[in-house]
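Protein chains in written order, with our numbering: chain G, 1 to 309; chain E, 1 to 313.
A hint or two may mislead.
Stated by the list, open to error - Quick list of the computed label-pair ranges, beta carbon to beta carbon:
hint : chain 1 : residue 1 : chain 2 : residue 2 : range
1    : G       : Thr56     : E       : Val69     : 50 to 56 Å
2    : E       : Leu165    : G       : Ala159    : 49 to 55 Å
3    : E       : His124    : G       : Asn59     : 49 to 55 Å
4    : G       : Asn63     : E       : Gln175    : 35 to 41 Å
5    : G       : Leu85     : E       : Gln270    : 20 to 26 Å
6    : G       : Ala159    : E       : Phe120    : 49 to 55 Å
Said to hold, decoys possible - Sample of chain E residues facing chain G (criterion: CB under 8 Å; computed from the structure):
hint : residue
7    : Pro31
8    : Pro144
9    : Ala246
10   : Val249
11   : Phe253
12   : Ser257
13   : Leu258
14   : Ile272
15   : Leu287
Everything labelled a hint here was simulated from the structure, so no lab data went into it.
Every residue gets a Cβ at the ideal spot worked out from N, C-alpha and C, and that includes glycine.
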Amino acid sequence: MSTIERAATRIGITGASPPRGFAAHSFPQRFARNRLALVSFIFIVVCLLLSIFGPTMYNVDPNRQHYEAINTWPSAAHPLGTDSLGRDTLARILSGLRVSLLVAFYVETITILLGASLGLLAGYFGGWSDTLLSRLADMLFAFPGLLLAILVAAVFGQAVTERFGGVGRLLLVAGALALVSWPLMARYVRGQTLSLKERDFVLAAHAVGANDARILVRQILPNVAGLIIVAATLDVASVVVSEAVLSLLGLGIQPPDPSIGQMIRQAIDYLEQNWSQVFFPSAVLTLLVLAFSFAGDGLRDAFDPTSQN
Amino acid sequence: MGRIIGQRLLSLVFVIFSITFLTFSVGYLAPGDPILVMLGPRRDPAIYNNLRHQYGLDQPWYVQYWSYVNGLAHLDLGKSYHYQNKSVNDILASGIPVSVQLGGTALLLSLVLGIPAGIFSALHQNSWLDRTNLFLMLALFSIPSFVLIPILRALNYFLLYKNGLPSLPPAGWGQPANWVLPVLVLAAANLGYIARLTRSSMLEVLKQDYIRTATAKGLRQRRIMYVHALRNALLPIVTVIGPLLAFLVTGAFVVESLFAIPGVGFIAVQSIGQRDYPVIQGTTVLLATTVVLMNLLTDIAYTFLDPRVRTSA
Numbered sequence: 001m002s003t004i005e006r007a008a009t010r011i012g013i014t015g016a017s018p019p020r021g022f023a024a025h026s027f028p029q030r031f032a033r034n035r036l037a038l039v040s041f042i043f044i045v046v047c048l049l050l051s052i053f054g055p056t057m058y059n060v061d062p063n064r065q066h067y068e069a070i071n072t073w074p075s076a077a078h079p080l081g082t083d084s085l086g087r088d089t090l091a092r093i094l095s096g097l098r099v100s101l102l103v104a105f106y107v108e109t110i111t112i113l114l115g116a117s118l119g120l121l122a123g124y125f126g127g128w129s130d131t132l133l134s135r136l137a138d139m140l141f142a143f144p145g146l147l148l149a150i151l152v153a154a155v156f157g158q159a160v161t162e163r164f165g166g167v168g169r170l171l172l173v174a175g176a177l178a179l180v181s182w183p184l185m186a187r188y189v190r191g192q193t194l195s196l197k198e199r200d201f202v203l204a205a206h207a208v209g210a211n212d213a214r215i216l217v218r219q220i221l222p223n224v225a226g227l228i229i230v231a232a233t234l235d236v237a238s239v240v241v242s243e244a245v246l247s248l249l250g251l252g253i254q255p256p257d258p259s260i261g262q263m264i265r266q267a268i269d270y271l272e273q274n275w276s277q278v279f280f281p282s283a284v285l286t287l288l289v290l291a292f293s294f295a296g297d298g299l300r301d302a303f304d305p306t307s308q309n
Numbered sequence: 001m002g003r004i005i006g007q008r009l010l011s012l013v014f015v016i017f018s019i020t021f022l023t024f025s026v027g028y029l030a031p032g033d034p035i036l037v038m039l040g041p042r043r044d045p046a047i048y049n050n051l052r053h054q055y056g057l058d059q060p061w062y063v064q065y066w067s068y069v070n071g072l073a074h075l076d077l078g079k080s081y082h083y084q085n086k087s088v089n090d091i092l093a094s095g096i097p098v099s100v101q102l103g104g105t106a107l108l109l110s111l112v113l114g115i116p117a118g119i120f121s122a123l124h125q126n127s128w129l130d131r132t133n134l135f136l137m138l139a140l141f142s143i144p145s146f147v148l149i150p151i152l153r154a155l156n157y158f159l160l161y162k163n164g165l166p167s168l169p170p171a172g173w174g175q176p177a178n179w180v181l182p183v184l185v186l187a188a189a190n191l192g193y194i195a196r197l198t199r200s201s202m203l204e205v206l207k208q209d210y211i212r213t214a215t216a217k218g219l220r221q222r223r224i225m226y227v228h229a230l231r232n233a234l235l236p237i238v239t240v241i242g243p244l245l246a247f248l249v250t251g252a253f254v255v256e257s258l259f260a261i262p263g264v265g266f267i268a269v270q271s272i273g274q275r276d277y278p279v280i281q282g283t284t285v286l287l288a289t290t291v292v293l294m295n296l297l298t299d300i301a302y303t304f305l306d307p308r309v310r311t312s313a
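Please model the complete structure; the sequences and the hints are all you need to start from.
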């Protein structure tokens, strides 16, 4: 920070805008006051830890078939029972959870890197870059729901699996889903940037001679960070469902590797004999989705005290 | 108003161009040689070249794109790779009425139940009735369809079938009883969405000055609610037909394949397994264009419904 800028910050005409400093101060308290959001956040952390350490702690091969226990209810040997091929459900849920969260992580990484940065640039510079981005986003918005992701995963799926194996498939699924979710992020960030760049503190930064790159990174980015985090958290909820839908349609992670959507699909056929095998993966997935929505809502309220009601 | 419609038509051209271009590109870039797959082990270069020519795959990409768009303009979605004597039109034709019936009924049901549920909640704002209703609608909106399906099927089996009561068929299509479960599942998310939207829009309208005026001049509460407030509160519902249709499209893939309903979604999922790209492309173009056209119709309808939009043009 240059001397003159530091001086400007001290007298409060530039630097971080007041809302940011204010939010950073009491942010955890405000988030924690929303009990539902707090519980959701804890649940998400537990799921994350389970997906990272679970498969090592519960050391059962999720793909091994136990022929003496086919489609069983929970028991001492298999805490959550076994599926119709005799595979341990707890082990499969833990690995499936890892897949869900890993896909969500990749999707949000792409969405934030691509969507947020393009949104920032388009909103800040306007002109042809803005037109180009808006048209590109419109092109992708033309496809309702998951249609584009389904198309991409369907056409490239098999070849990618053949050439790059399971990891390639996972990345393809993430890429296909990111294709659907980045334009929305770009649109949010662009809108926010458009209004931020007219604010006094940006003007002040211009006045003290900061260049565009510096203003974008030091002045605008901190003020859209909250929006980006909230939008990404809420988006995870829909990405988790979307990944399950792709798996369900046979487009996601390929058998025998476990994914929660696929587990539900397979267990539905044996619902009448053993509903526990549908129940466990469905419950985990639904709770995960709800947790991300509630946590996202909580974050939004905590970032923006005016939206409490 | 004419200008608004003109603008919308112009952007429609752009959007439909994007749909066809993106769909074509994905198919064009598809790895593997469909003709080799088609021929299997019997590889006669003459037949190979002949088939390649028949499908136009020996042409450069812009010629292929042009003939693709040209076909689309004549409502011809191309030829199937898997069924060599069938066109994509033939394959999809049987599914379209099924999907339209299923999706249309679900949309209707979600409107018929969702709007009253939203009004009810708004009229009892912050009471326990409102809160229960809101929670229920949030649950309907957020529970994924593939979780709702086993729940309904389990209820149907364990509560009705096992007790010898009349029960619903768990899957299939054809009988009226087949409709109940898939329509319920497909309507659920939209129902929750519409109810919550109606509630907030109704509450917004009830705060307006003209409602206070109506109360002040002594109109009956019921008349204010159902004549003055409701009319304006329902306007936003018209604008969300787009998102509602998007839910239906993704929902159709899941619901049709889990209930074995021979609609467009089911056909598409089947053709994914057969690597029949023209059918997948055809489905994509068909569904995306339908949604875009419906959006245009809603926009036009909106300008008729809302005088403010009309006069501002």
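Query raised in the report: Of the numbered hints stated previously, which ones are contradicted by the structure, given in increasing order?
Result: none
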